[in-house]
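Single-letter residue listing:
4 protein chains.
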Amino acid sequence: MNKEQRFQKVAELWNANMPFNQLLGFEISRFDDTRSEISFHWHDKLIGNPMQKILHGGVTAAALDLAGGVVAAASIIANMEEASAQVIQENLSKLGTIDLRTDFLRPGRGEHFVASAHIIRSGSKVAVARMELHNEKNDHIAFGTGTYMVS
Amino acid sequence: MNKEQRFQKVAELWNANMPFNQLLGFEISRFDDTRSEISFHWHDKLIGNPMQKILHGGVTAAALDLAGGVVAAASIIANMEEASAQVIQENLSKLGTIDLRTDFLRPGRGEHFVASAHIIRSGSKVAVARMELHNEKNDHIAFGTGTYMVS
Amino acid sequence: MNKEQRFQKVAELWNANMPFNQLLGFEISRFDDTRSEISFHWHDKLIGNPMQKILHGGVTAAALDLAGGVVAAASIIANMEEASAQVIQENLSKLGTIDLRTDFLRPGRGEHFVASAHIIRSGSKVAVARMELHNEKNDHIAFGTGTYMVS
Amino acid sequence: MNKEQRFQKVAELWNANMPFNQLLGFEISRFDDTRSEISFHWHDKLIGNPMQKILHGGVTAAALDLAGGVVAAASIIANMEEASAQVIQENLSKLGTIDLRTDFLRPGRGEHFVASAHIIRSGSKVAVARMELHNEKNDHIAFGTGTYMVS
Numbered sequence: 001m002n003k004e005q006r007f008q009k010v011a012e013l014w015n016a017n018m019p020f021n022q023l024l025g026f027e028i029s030r031f032d033d034t035r036s037e038i039s040f041h042w043h044d045k046l047i048g049n050p051m052q053k054i055l056h057g058g059v060t061a062a063a064l065d066l067a068g069g070v071v072a073a074a075s076i077i078a079n080m081e082e083a084s085a086q087v088i089q090e091n092l093s094k095l096g097t098i099d100l101r102t103d104f105l106r107p108g109r110g111e112h113f114v115a116s117a118h119i120i121r122s123g124s125k126v127a128v129a130r131m132e133l134h135n136e137k138n139d140h141i142a143f144g145t146g147t148y149m150v151s
Numbered sequence: 001m002n003k004e005q006r007f008q009k010v011a012e013l014w015n016a017n018m019p020f021n022q023l024l025g026f027e028i029s030r031f032d033d034t035r036s037e038i039s040f041h042w043h044d045k046l047i048g049n050p051m052q053k054i055l056h057g058g059v060t061a062a063a064l065d066l067a068g069g070v071v072a073a074a075s076i077i078a079n080m081e082e083a084s085a086q087v088i089q090e091n092l093s094k095l096g097t098i099d100l101r102t103d104f105l106r107p108g109r110g111e112h113f114v115a116s117a118h119i120i121r122s123g124s125k126v127a128v129a130r131m132e133l134h135n136e137k138n139d140h141i142a143f144g145t146g147t148y149m150v151s
Numbered sequence: 001m002n003k004e005q006r007f008q009k010v011a012e013l014w015n016a017n018m019p020f021n022q023l024l025g026f027e028i029s030r031f032d033d034t035r036s037e038i039s040f041h042w043h044d045k046l047i048g049n050p051m052q053k054i055l056h057g058g059v060t061a062a063a064l065d066l067a068g069g070v071v072a073a074a075s076i077i078a079n080m081e082e083a084s085a086q087v088i089q090e091n092l093s094k095l096g097t098i099d100l101r102t103d104f105l106r107p108g109r110g111e112h113f114v115a116s117a118h119i120i121r122s123g124s125k126v127a128v129a130r131m132e133l134h135n136e137k138n139d140h141i142a143f144g145t146g147t148y149m150v151s
Numbered sequence: 001m002n003k004e005q006r007f008q009k010v011a012e013l014w015n016a017n018m019p020f021n022q023l024l025g026f027e028i029s030r031f032d033d034t035r036s037e038i039s040f041h042w043h044d045k046l047i048g049n050p051m052q053k054i055l056h057g058g059v060t061a062a063a064l065d066l067a068g069g070v071v072a073a074a075s076i077i078a079n080m081e082e083a084s085a086q087v088i089q090e091n092l093s094k095l096g097t098i099d100l101r102t103d104f105l106r107p108g109r110g111e112h113f114v115a116s117a118h119i120i121r122s123g124s125k126v127a128v129a130r131m132e133l134h135n136e137k138n139d140h141i142a143f144g145t146g147t148y149m150v151s
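Chains as they are written, first to last, in the UniProt record's numbering: chain A, 1 to 151; chain B, 1 to 151; chain C, 1 to 151; chain D, 1 to 151.
All copies of an identical chain are treated as equivalent in the list; a pair is satisfied when it fits inside any one copy or across any two copies.
Calculated lysine to aspartate or glutamate pairs in the DMTMM-like style (CA-CA distance at most 20 Å, straight line):
| hint | residue 1 | residue 2 |
| --- | --- | --- |
| 1 | K53 | E12 |
| 2 | K45 | E12 |
| 3 | K45 | E27 |
| 4 | K53 | E90 |
| 5 | K125 | E90 |
| 6 | K9 | D33 |
Don't read these hints as lab results, they were simulated from the structure.
No experiment lies behind these values; they were computed from the predicted model shown.
Working from the sequences, and respecting the hints, build out all of it.
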């Protein structure tokens with residue numbers, strides 16, 4: 001498998017096998033080591049504050065955390081030599097979020113949302129990503145910074 | 001209504017009317033301005049990583065965010081003179097999370113979880129709370145710091 | 001005074017009257033509501049770790065905090081009607097950092113450093129800025145996010 | 001050297017050889033893996049805002065960062081077998097701050113300050129510490145969370 005095939009393989013696996021992401025309607029819509037994206041649609045079950053009808057802060061944090069985790073995973077995979085699916089899985093098994101900061105900039109209103117991420121520190125043990133959440137009008141709803149264990 | 005009655009009233013309202021908290025099985029089990037708590041049970045739908053069977057980071061962040069929001073709400077209500085339900089609602093309508101840091105300390109495993117919060121900065125405009133997530137064995141799973149707009 | 005004159009006035013006042021910034025050799029080199037900058041030169045007194053000869057983390061945090069505070073101040077001033085020096089001072093007296101996250105991305109080595117900031121949330125009570133520290137080779141040394149009280 | 005002797009040795013070395021800490025008057029007053037402390041006295045050169053005569057945010061962040069770094073160093077040393085000064089130095093050479101959150105809770109006023117830290121995550125690669133800054137009246141001035149690389 002070349003790099004793009006590995007990216008595609010892992011994106012498919014994760015989209016099919018992560019219960020909480022499925023519950024929220026999250027889909028990994030771009031899996032790449034330069035920029036990754038998570039897409040989801042508005043649904044009433046995602047409401048935090050019923051009077052204001054805006055996304056729960058936990059939905060925003062979950063989307064940013066996943067986007068950062070995906071770009072960190074892609075940067076691990078990109079640095080691997082050609083590898084079997086099993087070797088990729090073993091390398092990704094060490095991936096985990098160490099800490100996450102979420103800045104809630106504007107009310108979480110909209111019909112369609114995209115959380116995007118890119119890497120700002122790419123180390124052998126730790127990676128740092130910054131993330132943004134936008135709606136279909138390109139309103140900048142939230143900003144995030146996440147530190148990930150990568151080995 | 002005295003302070004305890006107001007706390008009880010708002011806890012009941014929030015438990016009955018917040019879709020995302022209901023989706024995740026979150027219950028406000030203590031609503032108090034000195035210490036607030038959110039309780040929830042393990043459920044497979046909360047899994048982030050299917051290979052490790054641990055809570056999704058977004059579940060952890062959502063629980064910490066809610067616990068901090070509840071203790072911030074309680075501190076707003078505690079500082080109010082005797083007030084009608086409507087006045088309480090108006091005051092709480094301004095409540096919102098500005099930013100949230102989540103530290104993922106240990107894998108999110110367990111059967112029952114409690115997120116607790118207390119206030120470390122109580123201002124007229126902004127409150128800061130620190131939060132912890134523990135399981136039924138009292139393992140310290142996560143730590144959080146949240147900044148909340150209170151007026 | 002027009003906006004640019006007000007910016008210049010405050011930049012001069014702050015550069016002349018902030019003891020800790022002078023101790024570290026910090027200079028406000030750009031005071032603007034779209035992007036602000038702090039400049040400083042390497043000096044051995046700024047060393048944290050003598051074996052590695054890199055900037056102390058506190059120097060990095062101080063530069064990012066100041067850059068964010070300057071762009072938050074500029075956004076306050078930009079929103080004011082034409083105002084006297086005294087009115088400006090009164091408005092800025094409420095400015096303060098609520099919280100600051102600093103990500104240390106690369107070792108703090110170099111001869112000349114610039115911390116830059118711009119606003120990502122501009123509210124009537126709270127502003128959020130993101131900041132970066134670069135050296136003369138444009139290495140990205142640190143990243144920051146700061147929440148500021150603005151009224 | 002036993003554990004206490006190793007702690008003492010490193011505390012002496014660091015107090016004597018860290019230029020920025022000396023510039024600010026910081027002293028490691030407790031070097032221990034359960035709780036570490038940094039002490040310093042008020043000095044006008046530490047002023048951030050001359051109108052309010054309070055500590056610069058960078059001083060607060062520097063003290064918290066150092067306190068967290070010291071308790072992380074102590075936890076590395078505590079886990080080592082009996083070791084020579086050189087082996088200790090080699091192990092500590094990998095220590096570094098990955099990220100730091102500082103919450104500024106109250107104005108930094110006082111005559112004498114203590115920053116204290118303890119570990120909330122102790123891993124083989126990464127440690128997380130939480131820190132507090134108090135003055136001589138025990139006012140809680142600031143709170144911090146730091147993530148440190150330990151190997």
